[in-house]
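Engineer: Residues per chain are reported as follows:
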Amino acid sequence: MAGGPLLQVEDLRVQFVTDDGVVHAVDGVSYTVDAGRTLGIVGESGSGKTVSSLTTMGLTRGRSTRISGRITFEGQELLTASAEELRRIRGDEIAMIFQDPLSSLHPFYKVGTQLSEAVRTHRDVSKAVARDRAIEMLELVGIPDPARRVDQYPHEFSGGMRQRAMIAMALANEPKLLIADEPTTALDVTVQAQILALLDDLQRRLGMAIIIITHDLGVVAETADEIAVMYAGRIVEHGSVGQIFNSPEHPYTWGLLKSIPRMDTTRDDELVPISGRPPSLIHRPGGCFFHPRCPYVQESHRRIDPKLEQVPSDVGHEVACLLAPEVRVSIWNGLRSGLSSDSLRGLAAEVDGAGRATAAEPVAGEAGE
Amino acid sequence: MTTAPAPPGATPLLEARNLVKHFPITTGIIFQHRIGAVKAVDDVSFGVTAGETLGIVGETGCGKSTTARLLVRLLDPTAGSVLFQGEDIGERKGAGLKALHREMQMVFQDPYSSLNPRKTVGSIIAEPFAIHGLHKGQGERKRRVQGLMDRVGLNPEHYNRYPHEFSGGQRQRIGVARAVALEPKVLIADEPVSALDVSIQAQVLNLLKRLQREMGLTLIFIAHDLSVVRHMCDRVAVMYLGKIVELASNEALYGSPRHPYTGALLSAVPVPDPRGGKRERALLSGDVPSPANPPPACRFHTRCPKVQERCRTEEPLLDGNGSGSQVACHFPLTRAEVELMLPAALTGAQVSSST
Chain A
4 MAGGPLLQVE DLRVQFVTDD GVVHAVDGVS YTVDAGRTLG IVGESGSGKT
54 VSSLTTMGLT RGRSTRISGR ITFEGQELLT ASAEELRRIR GDEIAMIFQD
104 PLSSLHPFYK VGTQLSEAVR THRDVSKAVA RDRAIEMLEL VGIPDPARRV
154 DQYPHEFSGG MRQRAMIAMA LANEPKLLIA DEPTTALDVT VQAQILALLD
204 DLQRRLGMAI IIITHDLGVV AETADEIAVM YAGRIVEHGS VGQIFNSPEH
254 PYTWGLLKSI PRMDTTRDDE LVPISGRPPS LIHRPGGCFF HPRCPYVQES
304 HRRIDPKLEQ VPSDVGHEVA CLLAPEVRVS IWNGLRSGLS SDSLRGLAAE
354 VDGAGRATAA EPVAGEAGE
Chain B
503 MTTAPAPPGA TPLLEARNLV KHFPITTGII FQHRIGAVKA VDDVSFGVTA
553 GETLGIVGET GCGKSTTARL LVRLLDPTAG SVLFQGEDIG ERKGAGLKAL
603 HREMQMVFQD PYSSLNPRKT VGSIIAEPFA IHGLHKGQGE RKRRVQGLMD
653 RVGLNPEHYN RYPHEFSGGQ RQRIGVARAV ALEPKVLIAD EPVSALDVSI
703 QAQVLNLLKR LQREMGLTLI FIAHDLSVVR HMCDRVAVMY LGKIVELASN
753 EALYGSPRHP YTGALLSAVP VPDPRGGKRE RALLSGDVPS PANPPPACRF
803 HTRCPKVQER CRTEEPLLDG NGSGSQVACH FPLTRAEVEL MLPAALTGAQ
853 VSSST
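In order, the protein sequences belong to chains A and B. Following our numbering, the numbering of the first sequence begins with 4 at its first residue and continues without gaps. Following our numbering, the numbering of the second sequence begins with 503 at its first residue and continues without gaps.
Calculated directly from the structure, the hints in this document are not laboratory data. You may find that some hints are simply not true.
On the chain A side, residues computed to face chain B include the following (Cβ under 8 Å) [said to hold, decoys possible]:
1. Val25
2. Val192
3. Gln195
4. Ser262
5. Pro276
We put the beta carbon where it would ideally sit given N, CA and C, even for glycine.
Looking at chain A on its own, in the form it has when it is part of the complex:
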């Protein structure tokens, strides 16, 4: 692992075979995570953000799952690793925090017992040592009176404390990579702020890498170094936090940024929603997957499948969009200064062919309220 990334995912594809057809949950996703850095994966439900990380942990294996691509962690192949090898890595070098702390802790066992188990699975230590480690971890994540709390059951913990206990369990073996899947979605804002501050603090102290999966753009803006925006199983845009928020390139990212009410801008009368809804992952649209919802769709976008490509003169920024780079820049500048997508649609049409306005009407799947 001399200088290489900690985790490298290459052309990952995950398909689930169901009675209704093949679900293309993850479709050719590649990313890397360096030690000590945070990657944010943003997307809506069904965009494949959770499945791609579950696959990293080997948790999607099954008879009806088809997985291809490569995932290497510190040079070790994870997709081809045996169940035994994976078990050794899981919870030790790579740990995961799930969204719902109530259903992820066993209601029947004391919090301390569950924490010690995580330690003893990977370390040959006595029960007493593991218990001390459990108390130490509870203290680290800021649970008051950990020596008493260690003997309590999950139902005696509040929601925020359960999430802290989950984090304590994930960090018990000082993992090199922490995958946090919507770690704060079930929590209230004041507790969310506490948990995010805690993750940030622990990352600095332990030097671990974090993949944070969320639908909340505010959460990624405040935690991540890099962001991958996922749509329908693919990464449609990838870049640094500054690139994604200050000069986003993909119409879907624009839509996300413009459709949420924000606390840091003046109050608008109307939000600009993304019309329609995410596509079915069984029967996917042809061409660019986003074309049925894209305000700037052109006739050719229904046939050509865009690849994730480097944005000219913006190092490290990639986008999968068929619009010409200079068109994207002028549209975003227009959106930024408050122009509507309707008035900017023309910009996309002008460059398509020799003077032909071939703009295709976006398909109204759902009224664009």
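We have chain A already, so just place chain B on it with the hints.
Structural biologist: Frame of chain A, contents of chain B only:
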């Protein structure tokens, strides 16, 4: 107790007066006896004027949903009263209560569990007509329902489909269509978008705003998402452990919050801008105490960064400052404290860009 919660110079259409709702905690299986009470709503008063949008925000367990249910009498209050057009609705029963529900309707949080899966969308939306015996002719009723579907942005041809054939956002539109079918005066929306995907939320928020404009609805909007409430509401009430701690106009509440809890809530919201959101996070320690056993005096004193001896012994009352803003705090936030903890764009302090 304070009772002057309407904005100055306006008669409230709907008014809550010293509302209290305690849910008993019992023990024993056959011989149950009461060992305590969850004080879900504890002396809450406010007024809503016709046509305005009142937001109620707060964290889990603060009593905001219980308040909503008390307003439409889905629950009966332990004490206090709800006045609709000046009349105490606690007296109403039978046909009177039914008539009340023509005037006040609710939109619920979960569009998956609030629609009967065995009924077609047409009959779900027609249900209020059936209950109130309106538009009895088959053709007439169908025409009305299809008109409503069109109005909320659903395809009227989908009249005979079942809820499972619709996406979350469309289902919430069905819930909204059902709620506005009787052209109520008041619409109470309890977390109407929190179960929806980000890209869909804006569609439903815009729909609610448009319907309010077109139908002259008075909207009570309950949510935990402070940015959504800021977008939607004219006035906002912040609740903590069954009490309103601050009630002010949108601009006043977000621009210069006075209660330390409001400040902490606003400061905790992550801002989707890696540059502009820089601020001194006012992190609260610990969790919300149990509403079965709330702290004495000021309920926020166990977590308050500004706590003094007085806060532990004397309960602060919700007091107005003459401009319609009210706060229940002995030591409200100062301007300097607010500017430290909130993004500059909110407080109106100098900002470089306003994108």
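Engineer: Classify the hint on valine 25 of chain A as holds or violated, based on whether any CB of chain B lies nearer than 8 Å to its CB.
Structural biologist: violated (21 Å)
Engineer: Quick check on proline 276 of chain A please, does its C-beta sit within 8 Å of some C-beta on chain B?
Structural biologist: Holds, about 4 Å.
Engineer: Report holds or violated for the interface hint on serine 262 of chain A, using the least CB-CB distance to chain B and a cut-off of 8 Å.
Structural biologist: Interface hint status for serine 262 of chain A: holds (4 Å vs cutoff 8 Å).
Engineer: With chain B as the partner, please determine if valine 192 of chain A meets the hint condition of a C-beta pair closer than 8 Å.
Structural biologist: Check passed: Cβ of valine 192 of chain A comes within 4 Å of chain B, closer than 8 Å.
Engineer: Is the interface hint for glutamine 195 of chain A satisfied, with its Cβ closer than 8 Å to some Cβ of chain B?
Structural biologist: holds (7 Å)
In summary, the one numbered hint that this structure violates is 1.
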